[in-house]
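Please take these sequences and the hints and turn them into a complete structure.
From first to last, the protein sequence lines stand for chains A and B. Take the first sequence: its position 118, counted from the start at 1, is 118 in our numbering, and no numbers get skipped. Take the second sequence: its position 363, counted from the start at 1, is 363 in our numbering, and no numbers get skipped.
It is worth saying that the hints were derived from the structure and are not from the lab. Heads up, some of the hints might be wrong.
As the list claims (entries may be wrong) - List time: in silico BS3-like cross-link candidates among lysine-lysine, alpha-carbon distance up to 30 Å:
| no. | chain 1 | residue 1 | chain 2 | residue 2 |
| --- | --- | --- | --- | --- |
| 1 | A | K24 | B | K4 |
| 2 | A | K24 | B | K396 |
| 3 | B | K79 | B | K240 |
| 4 | B | K79 | A | K24 |
| 5 | B | K153 | A | K50 |
| 6 | B | K133 | B | K396 |
| 7 | B | K80 | B | K70 |
These are the residues of each chain, in order.
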Amino acid sequence: MERLDLSRLSVRELNQYLHHELPKNGVDEVEIVNPSGLHSIAAGLTVPVKIRVLGHAGYFLAGMNQRADVTVHGNVGWSVAENMMSGSVRVKGFASECAGASAHGGLLVVQGSASSRCGISMKGVDIVIGEDVGHMSAFMAQAGHLVVCGNAGASLGDSLYEAVLYVRGKIHSLGADAREEPMMEDDYRKVDELLRKAGIDYSSREFKRVASARSLYHWNAEAGQEY
Amino acid sequence: MNGKRTALEESALYNRHVLHYIHRAAEHGLYDIRGLGAKRAVPSFDDLVFLTASLSRYPLEGYREKCVTKTVLGTRFAKKPIELDIPITIAGMSFGALSANVKEALGRAASAMGTSTTTGDGGMTQEERSSSKTLVYQCLPSRYGFNPDDLRKADAIEVVVGQGAKPGGGGMLLGLKISERVAQMRTLPQGIDQRSACRHPDWVGPDDLTIKIAELREITDWQVPIYIKFGATRVRDDVKLAVKAGADVVVIDGMQGGTAATQQVFIEHAGIPTLPALRLAVEALDEMNVRGQVQLIISGGIRTGADVAKALAMGADAVSIGQSAMMALGCNSETYSKDGQQFDVSQEYEKLGTAPGFCHHCHTGLCPVGVTTQLPDLEQRLQPEWGARRLKNYLKTLNMELTTLARACGKSNVHHLEREDLVALTVEAAAMAKIPLAGTNWIPGESRT
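Okay, here's the thing in structure tokens:
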């Protein structure tokens, strides 16, 4: 296990080490201390390393992550795990806006709440939020799953494509083209699987399913669309 | 009336074009979508001319003396700035809007001429990466197909805030162009009418952009230049914010810039022409004292070597071409060429409700000459080798025209062209470009000393 101190290293030095030295030296666990809200910590990782960040991080933590498992013992700023391809990012605290934005794969877990536009434009990632999500979450979400264990803010799933959303609490309102649908056995299995992976203990039976009504998939004046 | 018609008087306000628009809107309840750029006449580089050498300036010998065209972009922060042989680059156009064959042709021609080409909304295809010596990878609001592996393969990154044809708007790609491959690259269902976002999903505003750029630099180890591209609206403010956000290169796309598909109301009624946009951008860089440190690329209606020369004289470091590159590949031509034979496609234009020379139906995916299509039989009408040869010839011509004008102005380097080499032919162009009206020292809006 290697301990890296961001009060002594710059983020640039840290990331250069994680990108170039780490894959060579066989270290499979890294602890990052004194993150102090800095941005782009552990961005662009490509190796299957376990990273613990002890404290609060700023924007773009683990941005574009590939294969690494990153855990933050604190809160994170905007766009945690944006465009993640694989691996996992776990936030023990809360996440600010755009958590998991446009992420293609992997697992993002936020034990607390995530602010607005969580899962915006998501493209295959699985996201589990332990508490609430803010407004416009899963906006234009294309693929993957968003599990919200608390409440969802206004306009959930606006302009959804093929991503599927599961919400345990109240939904303030649904966005354009998003609709509530009956939970099927596959849905219960999926929610159970994601809750288990997230380490969060709820029953899938408490969740509602939201998916695209697909009425905006084709441009049609008769449908009263507002494109 | 005794069978006689009264004299026909067309309304200037409600002319046939406007009537057609109103009737169509009344029938369908939807706005028009189309491709390419603004068709209205606006002040342009055509309204400027060069004061080439005579007695007061010495020209260089046109056929013997060297005129340097080498262009370096991204010298501010990147470890590996881009070095191009000519100051004419190929603009971002998506695989999806264009066929894979066309993307390959663009890459081959650009590589042969020592310049760069650019990806587009939808990601990087293997064909364009392998055919492009220098490839700029766009980071767009939709992030379709955007991934870190391709990011690291890029020679530069262009963060697209907007484009001249639709500043403030997102793109549209109608269902016929969402083929199986395009859908897979964009993680979308095949055949849907695809919308692209107008804002980035993970940042909002210039302060966030500063942090976003830093993230992209972290992921790419500060190696490659980062461009910021936007459509020309509030150019002075936007250039300053882009520079403050950390851009190596600023790309301004004037309202004549093209698109694969967007609302006509955007194309004709949003943004400012390329001419004033360029002048405002140069002024902004001057005011920040970063000319030469941050490079400027201008696009939007660059068609000739004269346009390139005038853009450079006004202060651009390079230009970018999109529509004219497509036209070099045969866009709006009556025929396509295959195996040395010409095939007339006038009737196919007619089926689209248009004609060669007037077509802007890129959005339909039914391009008769195979440029803006995903249909296999149409795509085969443009073979990469043939297209690359055409575009290479066109780029070569532009470059020769550029150096011809530069030599005639006495410049041994095209980047030495200057505003003092230009005069304006119209009051409007003089005001927008802040270039004196020909035969006077008058620049409208500027007080005389």
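Indices of hints not satisfied (ascending): 1, 2
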